[in-house]
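Assemble the whole structure, with the sequences as input and the hints as a guide.
Which chain is which? The protein sequence lines are A and B, in order. Going by our numbering, the first residue of the first sequence is number 1, and it counts up by one from there. Going by our numbering, the first residue of the second sequence is number 1, and it counts up by one from there.
In case anyone wonders, no lab produced these hints; they're calculated from the structure. Some clues are possibly wrong.
Listing some non-contacts, in silico: residues in chain B with all C-beta distances to chain A over 10 Å [what the hints assert, rightly or not]: (1) GLU21; (2) ALA323; (3) ALA517; (4) GLU559.
Some but not every residue of chain B turned toward chain A, in silico, with C-beta under 10 Å [stated by the list, open to error]: (5) VAL10; (6) ALA104; (7) ASP122.
Since we're looking at a predicted model, the values are computed, not measured. Cβ atoms here follow ideal geometry from the backbone N, Cα and C, with glycine treated the same way.
Now for the letters of each chain:
There are 2 protein chains.
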Amino acid sequence: MSTRLSQLFVRTLREDPSDAEVTSHRLLVRAGYIRRQAPGVFAWLPLGLRVKAKIEAIIREEMAAAGAQEVHFPALLPREPYEATGRWTEYGEGMFRLQDRKGADYLLAPTHEEAFTLLVKDLYSSYKDLPLTLFQIQDKYRDEARPRAGLLRGREFTMKDAYSFDASDAGLDASYQLQRDAYERIFARLGLPYVIVKADAGAMGGSKSEEFLHPMEAGEDTFVRSAGGYAANVEAFTTVVPDEIPLDGLPEATPLEPHDTPTIETLVAYLNASEPRDAGEWTGGDTLKNVILALRHLDGTREVVAVGLPGDRDVDMKRLEVAFYPAEVEAAGEGDFAKNPLLVKGYIGPQILGSESETGIRYYVDPRVVSGSSWVTGANTQGVHVKGLVMGRDFTADGVYEVAQVREGDPAPDGSGPIETARGMEIGHVFQLGRKYAEILGLKVLDENGKQVTVTMGSYGIGVTRILAVIAESNNDEKGLVWPANVAPFDVHVVATGKDAVVYEVAEELVSALEGARLDVLFDDRPKVSPGVKFGDAELLGVPKIVIVGRSAAEGVVELWDRATGERTPVPIAEAVASLTAPVS
Amino acid sequence: MSTRLSQLFVRTLREDPSDAEVTSHRLLVRAGYIRRQAPGVFAWLPLGLRVKAKIEAIIREEMAAAGAQEVHFPALLPREPYEATGRWTEYGEGMFRLQDRKGADYLLAPTHEEAFTLLVKDLYSSYKDLPLTLFQIQDKYRDEARPRAGLLRGREFTMKDAYSFDASDAGLDASYQLQRDAYERIFARLGLPYVIVKADAGAMGGSKSEEFLHPMEAGEDTFVRSAGGYAANVEAFTTVVPDEIPLDGLPEATPLEPHDTPTIETLVAYLNASEPRDAGEWTGGDTLKNVILALRHLDGTREVVAVGLPGDRDVDMKRLEVAFYPAEVEAAGEGDFAKNPLLVKGYIGPQILGSESETGIRYYVDPRVVSGSSWVTGANTQGVHVKGLVMGRDFTADGVYEVAQVREGDPAPDGSGPIETARGMEIGHVFQLGRKYAEILGLKVLDENGKQVTVTMGSYGIGVTRILAVIAESNNDEKGLVWPANVAPFDVHVVATGKDAVVYEVAEELVSALEGARLDVLFDDRPKVSPGVKFGDAELLGVPKIVIVGRSAAEGVVELWDRATGERTPVPIAEAVASLTAPVS
Chain A
1 MSTRLSQLFV RTLREDPSDA EVTSHRLLVR AGYIRRQAPG VFAWLPLGLR
51 VKAKIEAIIR EEMAAAGAQE VHFPALLPRE PYEATGRWTE YGEGMFRLQD
101 RKGADYLLAP THEEAFTLLV KDLYSSYKDL PLTLFQIQDK YRDEARPRAG
151 LLRGREFTMK DAYSFDASDA GLDASYQLQR DAYERIFARL GLPYVIVKAD
201 AGAMGGSKSE EFLHPMEAGE DTFVRSAGGY AANVEAFTTV VPDEIPLDGL
251 PEATPLEPHD TPTIETLVAY LNASEPRDAG EWTGGDTLKN VILALRHLDG
301 TREVVAVGLP GDRDVDMKRL EVAFYPAEVE AAGEGDFAKN PLLVKGYIGP
351 QILGSESETG IRYYVDPRVV SGSSWVTGAN TQGVHVKGLV MGRDFTADGV
401 YEVAQVREGD PAPDGSGPIE TARGMEIGHV FQLGRKYAEI LGLKVLDENG
451 KQVTVTMGSY GIGVTRILAV IAESNNDEKG LVWPANVAPF DVHVVATGKD
501 AVVYEVAEEL VSALEGARLD VLFDDRPKVS PGVKFGDAEL LGVPKIVIVG
551 RSAAEGVVEL WDRATGERTP VPIAEAVASL TAPVS
Chain B
1 MSTRLSQLFV RTLREDPSDA EVTSHRLLVR AGYIRRQAPG VFAWLPLGLR
51 VKAKIEAIIR EEMAAAGAQE VHFPALLPRE PYEATGRWTE YGEGMFRLQD
101 RKGADYLLAP THEEAFTLLV KDLYSSYKDL PLTLFQIQDK YRDEARPRAG
151 LLRGREFTMK DAYSFDASDA GLDASYQLQR DAYERIFARL GLPYVIVKAD
201 AGAMGGSKSE EFLHPMEAGE DTFVRSAGGY AANVEAFTTV VPDEIPLDGL
251 PEATPLEPHD TPTIETLVAY LNASEPRDAG EWTGGDTLKN VILALRHLDG
301 TREVVAVGLP GDRDVDMKRL EVAFYPAEVE AAGEGDFAKN PLLVKGYIGP
351 QILGSESETG IRYYVDPRVV SGSSWVTGAN TQGVHVKGLV MGRDFTADGV
401 YEVAQVREGD PAPDGSGPIE TARGMEIGHV FQLGRKYAEI LGLKVLDENG
451 KQVTVTMGSY GIGVTRILAV IAESNNDEKG LVWPANVAPF DVHVVATGKD
501 AVVYEVAEEL VSALEGARLD VLFDDRPKVS PGVKFGDAEL LGVPKIVIVG
551 RSAAEGVVEL WDRATGERTP VPIAEAVASL TAPVS
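Spelled out as structure tokens, the structure:
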């Protein structure tokens, strides 16, 4: 098939769109692949649709190879199943809700766990029907607070979502592995480097969870990795826990002289000046910082809680959100302190924290705060700190939460060495939902013994439109896009230049020859457009292989132009056809 | 490719779904093609998705052949463009509306005229860019009052909608014809008989408009046709208008003696008893019936209007709706009569109707009420009628509306003879939008002389999911579905019966041979299912060609089973393969 540029519905733009924050957005709009319709909502022009279709075809092939069957759910779904799982409320403002003419509640599905679960419940009833993996490629909706970055985070976007259904944990492990393998093949075929990181299951519930991250500067995720092979999302990183220390014989806690040291820095300076010790200088890591937070629960109630962590680390907001999900977390305000007069800002100590304490404020500590660890911390009196306050003896906590910042150089939990941090973009997510949805929605099958067992599920997602943007984001230069061959809108871009009729005749013949070899050809046949404009358009559109048919065409010579390297090679026409139609090694 | 029935996500049902009103809905659910998710909202199972994909592929091929380019718009669109064209309001309760987290108004698009118009405006600016025809295959939303009949009238449904853009009327005619031709090819390939009828453009505005109707009893449309080739939707049928009669010398209007004749029947009986005439018996057609209606305008105001038509015809509600669109029409109530005391029920005459009359009530007449036509009608006094009341002399109207019932035997407007009526289902609609949307949204291009001209548009729709249901509705028997080969989910359904291992070996070889010939094969490999159940499933699923591999397999003989005719023919295996893989003549 060939497409003539003179006929193609496209208009390349010289100017960057004013709302484009990232390169992929800028280039996809300038090259005429997409057009914005509303914040985070895009229309697909013919070029963009071709690339999207190629990505979808690769995903479909690999899903079929992994034994997954395609279905298709509506975007418009009734409230009830989402009410049953609690997600109608949990999704908060991120979900588009609407009513029909009768006042019945509907949503535009952000994900389809409920619908898949109910469909399988509807049709299947025996362990013999399982394992089963279903998938769809479908448009989803999330009312993002700040739709930005073009297709990287849209409000209407295309996803491949798959769900596996098994009667046993071992079955789920096998189904999970099949999808995980399929994802590796998909990203390899798409030419997208990836890191598989341990992830927190977050809003989805469930246990085993891994993200495929494409390392890139504009990525939204921070992940950590060690030279020894450990990789995890920051939210899923686990701290190496020090050994507990026997409480017997530990020195007593002693209050320090009152001083004005409201910050960790001033406190450490004071300690080194007034309380020198043999074990070396005091550091922030010797102090216990207690941070007061306010939770907003789903039912609208507000609760003050506290977290304790070594003073040399800040709280990581993303890890904090995960720890307290589904409640929303914010810093405590003046009102919260007013209601809790025992809290003395700058001098808060854990002696009065915890649900069993005087204040009744729930208190969670960093994993480093083990039993027997000893801390300098607040004494709950203006200007007074205490040293030698021991966990498990002088204070306790309601639990351990991973909310402290992760730092380069921290040890990987699997002993594979110190970690470094990097930025990446999530391009795929595989995780074991387990029985959460099946339990709530009643998806059970009869097992070998005729007993009802609850089905265990896996969930596997790839953002199709996001992937397209990620590929564009990682494959471009200052001139424009540079598509990998597998997803390029065309295999070859033939550019005829000049006004000589012979040139256009030769170009037509070349296009026919390439079509005959089943290549998709874009043919720049515009007679009144200058070579400079044509070359500029070719570079912007980003088809990887370009053939220039120009002055030497009469002598049977054309130029092969490699979009990625910029290299131009004059070759005889027959050779050009042979080289372009050669099977990819 | 082959699919094993033992693995396929399907469960056939013996019972009809309780909410299924039509055959296609009943069978598509029972055979496991679709599942209901909400009223008028369905999920697609693998079998259904295969048929849908085949229909879409045929449409895509014919759109490409007609020079149309594929794009894709979001379903979620902002309010503003629909506000500009008035459709935000006009669509009434039929449109799904919602707000995002910032309170901005959005809709789920029922059609995309505005979006296409703005996209072309966005990119193109010269007559040289035209003609242009764009299309998409996309999910649309309409909040139907009574979603019924399964996929025939859903609330979420897939459509192919195309729009053409031209700088001149002649260009639009050519673009229109290209799409019309493409539609003829599409329906031929889908094996769907159709009648092209003149249609009213209705809610869409515009002029030339034709519907492709598939004749079927369960169809929602009544259409008329003549033996001479005329065909029109009832809403678009035009009455043959009698010649006007000179007013000079017509007898004066005379009131009749008061009598209790509140209906047309009693009036006609009275006339024949008390006012015999030479021209034959009086009939209802000699009387002028004046019907009082109430309009509800878009701005919420209520207006009383009247229509006058020959007494032997009733008002046709659908024609009435079209005549007064976008206002909603209902019968006038007691309150309306109370506010208009001059209206005497049963004796209303046109002397007091019309915007220039005493009542100021707008008055529209049937096309048969020509100037000089003379009528028996009400005298606006209890019990009194008048005869010889002449249009153009004794009363006038604000306009002529086609709101009377169309009857079999009425003359076709093109002189091609009397019409008959039939039921059909709309499967396609082509029409000339003209400049309405381009005008409002400012889509202009520079013409040859450098002058701005408004673009003229055509709109071309096919309901993809509806077509699937129409095919199912017209291709089935008491046993199940009978798909035409072009859209069947598989080319061949191989059924292995019994428990003999040889049978399954032979069946596997046959399946491989058919796959080798690039056929899509459904293989019923279920070892523990009885032949009766397998045959029943094969008949329900409706793959047109079935091969039974049974007891004679060991002797190299299988049975070819034609789903449509029910004919079974024993043939040697080699012959079976040859016959099934022979190119369709």
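Quiz item: Which numbered conditions among the earlier hints are violated in the structure presented, ordered from lowest to highest?
Solution: Going through the list in order, the structure violates no hint and respects every one.
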